[in-house]
Amino acid sequence: MNLLQDLTFSSFMWFLSGAVVLLAVVLGFVTYAIYFERKVIGWIQLRKGPNRVGPLGLFQTVADVLKLLLKEDTIPRNADRFLFILAPVIAFVPAFVVLATIPYTSLLQFADLNVGLLYYFALSSISTIGILLGGWASNNKYSLLGGMRSAAQMISYEVPLVMSVVGVVLLSGSLSLNTIVEGQAGGFWQWNILPQFVGFIIFIIAAVSELNRTPFDLPEAESELVAGYHVEYSGFRFAFFMLAEYVYVYAIAALTTVLFLGGWHSPLPFLDFIPAIVWFILKFLSIVFFLFWIRATLPRIRVDHLMSLGWKVLLPLALVNIFVTTIVIELIKYFK
Amino acid sequence: MIRTEELLLNVGPQHPSTHGVFRIIVKLDGEVITEATPVIGYLHRGTEKLAENLTYTQVIPYTDRMDYVSAMTNNYVLCHAVETLMDLEIPERAEFLRLIVMELQRIASHLVWWGTYLLDIGAMSPFLYAFREREMIVNMFNELCGARLTYFYMRVGGVKWDAPEGWIDKVRDFIPYMREKLDEYEQLVSGNEIFLARVKGVGTYDAQSAIDFGLSGANLRSTGVKFDLRKDQPYSIYDRFDFDVPVQTAGDCYARYLVRFEEIKQSLRILEQAVEQFPEDGQIMAKVPRVIRPPEGEVYTRIESPRGEIGCHIVSKKKPQPYRLKFRRPSFVNLQILPKLLVGETMTNLVTILGGIDIVLGEVDG
Amino acid sequence: MKGIVKGMGVTLKNLTKKKVTHQYPDVPLEMPDRFRGVQHFDPEKCIVCNQCMNICPTDCIDLIGKKNPDPEKKGKVIDTYDINFEICILCDLCTEVCPTEAIVMTNNFELATYSRDDLFKNMEWLNDNNTNVRKENSINIPPKKAKKEEK
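Residue numbers (full-length UniProt numbering), protein chains in the order written: chain B, 1 to 336; chain S, 1 to 366; chain X, 1 to 151.
Since the hints were derived computationally from the structure, they do not count as laboratory data. Watch out, some of these pointers could steer you wrong.
What follows is a set of in silico ranges between Cβ atoms, one per label pair, in the way DEER data are often shown [what the hints assert, rightly or not]:
1) GLY235/B <-> GLU110/X: 46 to 56 Å
2) THR113/X <-> VAL343/S: 22 to 32 Å
3) VAL20/B <-> THR131/X: 57 to 67 Å
4) ARG3/S <-> GLU110/X: 53 to 63 Å
5) GLY41/S <-> GLU110/X: 26 to 36 Å
6) PHE110/B <-> ASN10/S: 42 to 52 Å
Positions of the beta carbon are idealized from the N, C-alpha and C atoms, including for glycine.
Working from the sequences, and respecting the hints, build out all of it.
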């Protein structure tokens with residue numbers, strides 16, 4: 001890709017409009033992901049979920065966001081004003097930027113970086129700095145604890161997360177997400193989830209932890225730290241933290257689809273007549289549903305267990321996974 | 001220059017996991033608690049002092065509001081004390097009704113505990129499942145006495161209402177339904193590895209310190225002490241029923257969880273027998289003078305509430321009002337061990353331990 | 001992992017089950033007959049015996065009687081009758097002691113207001129609150145009536 005050389009005014013406008021469309025899609029997703037989450041959890045808990053605003057409660061999230069935007073913007077007097085304002089931005093921007101490399105179909109992708117995977121992990125880790133900053137700048141003890149937990153969790157789980165996908169990278173021989181998907185064409189037995197099942201499990205656990213969602217929602221841990229790092233945030237700054245969280249849900253669900261579930265490829269070859277994007281969306285939604293489902297079921301894990309799970313279980317497992325994958329690949333090569 | 005200092009954190013009185021207006025001042029070293037000071041009294045209404053100017057019947061609605069999760073047992077302890085002082089014979093049917101509502105109340109109370117405890121630990125759904133079943137009990141109480149929380153069902157000498165038509169059958173149908181749901185609860189939570197890791201070995205104390213602190217109820221039985229007033233000092237008609245007292249020896253939060261869970265099953269057993277033996281007909285009120293003037297003297301009665309030993313001490317001067325009324329409130333007594341348990345634990349365990357003790361702030365503060 | 005998977009199965013099973021919530025403000029809640037709601041007061045029946053005021057554990061009832069305007073009749077009639085629902089705990093004692101069922105419970109329970117002052121209900125309001133009146137009220141009265149009928 002020679003992006004910089006081709007950058008004319010028209011191509012710039014093209015990229016800009018693409019980004020705006022993506023932002024609209026993501027915002028639409030977040031709006032209805034929150035609605036869907038509340039509905040699913042409601043159904044699981046024998047409730048109806050939101051049903052007051054609009055038909056079937058479809059405008060509930062819109063109303064909530066509107067409320068957040070109209071709220072008075074409060075900044076605690078003793079907070080570090082600059083960082084307090086900066087933190088939600090730092091949390092949100094990387095969440096949106098990482099979406100650029102996700103390939104939805106073989107044609108629909110914004111940037112096919114040859115280091116796409118690396119780019120994703122590198123940028124997504126910046127968000128934690130936003131959370132940490134927000135927790136610190138609020139000058140609140142609960143948020144400080146939440147922010148610190150977030151940093152510790154992030155460091156512990158970034159490592160197994162990256163390690164778990166090394167197996168996938170070894171199999172497809174590329175860091176480009178597009179190439180990884182191409183390598184999984186031709187039916188579900190080609191998907192990385194089968195040869196890389198251990199990697200998949202580690203990836204899911206580490207990813208949920210990265211998302212700070214139940215059962216790993218320690219940084220906000222409602223019953224312990226009230227709301228954790230965003231205790232002092234309200235109005236649209238809070239909305240940005242919320243938005244960042246759900247954009248990461250989007251990103252992780254899309255990434256899991258791409259890395260392990262064969263991206264846009266149909267599970268059986270004779271189903272190819274169904275458009276590729278439909279397959280992508282289906283797989284993507286099932287991952288999202290899975291996230292909501294575990295949120296409704298599982299209790300929160302404890303900090304020290306979280307750490308020992310990350311370092312003592314997931315990381316060794318991921319390393320063994322890489323090791324075994326390498327040996328198998330080499331053996332296959334050798335016997336061919 | 002890096003300097004570390006202890007963090008003084010006010011947990012509560014407005015905090016999602018303090019189960020009401022309870023405050024703990026904790027000193028944190030990182031996330032580890034080095035000192036914990038509970039502060040109580042935010043819900044103090046002075047029930048005992050108010051009672052000195054009220055007749056005995058008027059005091060009963062105040063007891064509803066002490067341990068508002070289990071109002072029936074509170075009603076009972078006061079009525080029982082007055083009846084003991086007056087040497088009243090309670091009609092059979094009234095005793096059965098009292099026993100049935102008290103056991104239903106125990107189930108309802110444990111369900112509330114179960115739901116909120118898991119909410120504290122971070123699981124959302126169990127809370128709503130528990131409240132679905134509790135709702136059925138509460139609706140039964142609503143049909144019986146016209147209120148869903150503050151029942152004011154018992155009177156000195158009996159109960160206010162007889163069971164409406166078909167009510168006993170509802171209780172009978174509820175028993176197998178609840179058993180089925182308990183299996184579901186067990187599947188949902190009791191085997192969950194995250195849950196087990198959170199509660200096993202947390203907040204452990206031994207039998208001696210439990211006795212030293214005067215703990216009662218599940219908090220005591222989780223340490224291996226088999227002490228249940230329904231068995232050891234039977235009141236009402238508990239001696240007629242066959243049930244076990246669940247005991248665990250570990251003394252941690254998981255043991256308390258198991259004890260309470262098993263208590264629900266035992267309550268169902270008692271209910272099953274009580275519903276079968278329920279007398280066809282009979283009075284629901286003993287012959288009680290219109291103005292209750294117990295003879296001069298003192299009495300202390302104690303019963304097993306869902307939270308432990310609830311006692312009532314009355315000093316009577318042969319007046320319609322008690323001269324002095326004192327409640328031994330199990331939540332208050334059980335809470336005393338909290339500062340000792342919290343030292344050296346993390347913030348996360350604070351919630352687990354506090355929830356495991358099962359306090360109701362209305363009762364702690366009196 | 002086994003326990004977690006089992007738990008996930010339970011929640012998934014509940015996903016499709018019938019919902020147990022009430023559509024409360026849209027569908028009114030039906031309370032059983034014995035439900036202790038806001039009282040209904042009938043001034044015609046009241047004999048100003050003050051029993052309800054005396055028994056009230058929170059002293060939320062205030063009443064004033066006056067001489068019967070009809071000089072031929074003895075006794076008093078009620079002049080003002082107020083219940084302060086800020087402190088009324090709906091304990092049912094006033095209806096229990098009332099010898100004439102002048103004050104009875106209803107099944108109405110919606111007391112939410114924007115101002116505390118609105119919770120102070122006077123005689124007219126309590127008289128107008130005459131829907132869903134409870135059938136069984138004073139525990140003392142029904143058996144006596146039954147005995148009279150037998151005679």
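Hints and how they fare:
For GLY235/B and GLU110/X, the hinted distance range of 46 to 56 Å is not satisfied, since their beta carbons lie about 33 Å from each other. Restraint check, THR113/X to VAL343/S: a C-beta distance of roughly 47 Å breaks the suggested window 22 to 32 Å. Between VAL20/B and THR131/X the C-beta distance comes to about 58 Å, which sits within the given range of 57 to 67 Å. Range check, ARG3/S to GLU110/X: about 58 Å between beta-carbon atoms, so the 53 to 63 Å window is met.
Taking 26 to 36 Å as the suggested C-beta distance range, the pair GLY41/S and GLU110/X conforms, at roughly 33 Å. PHE110/B and ASN10/S have their C-beta atoms about 48 Å apart, which keeps the hinted 42 to 52 Å range intact.
Comparing the model with each numbered hint stated earlier shows that hints 1, 2 do not hold.
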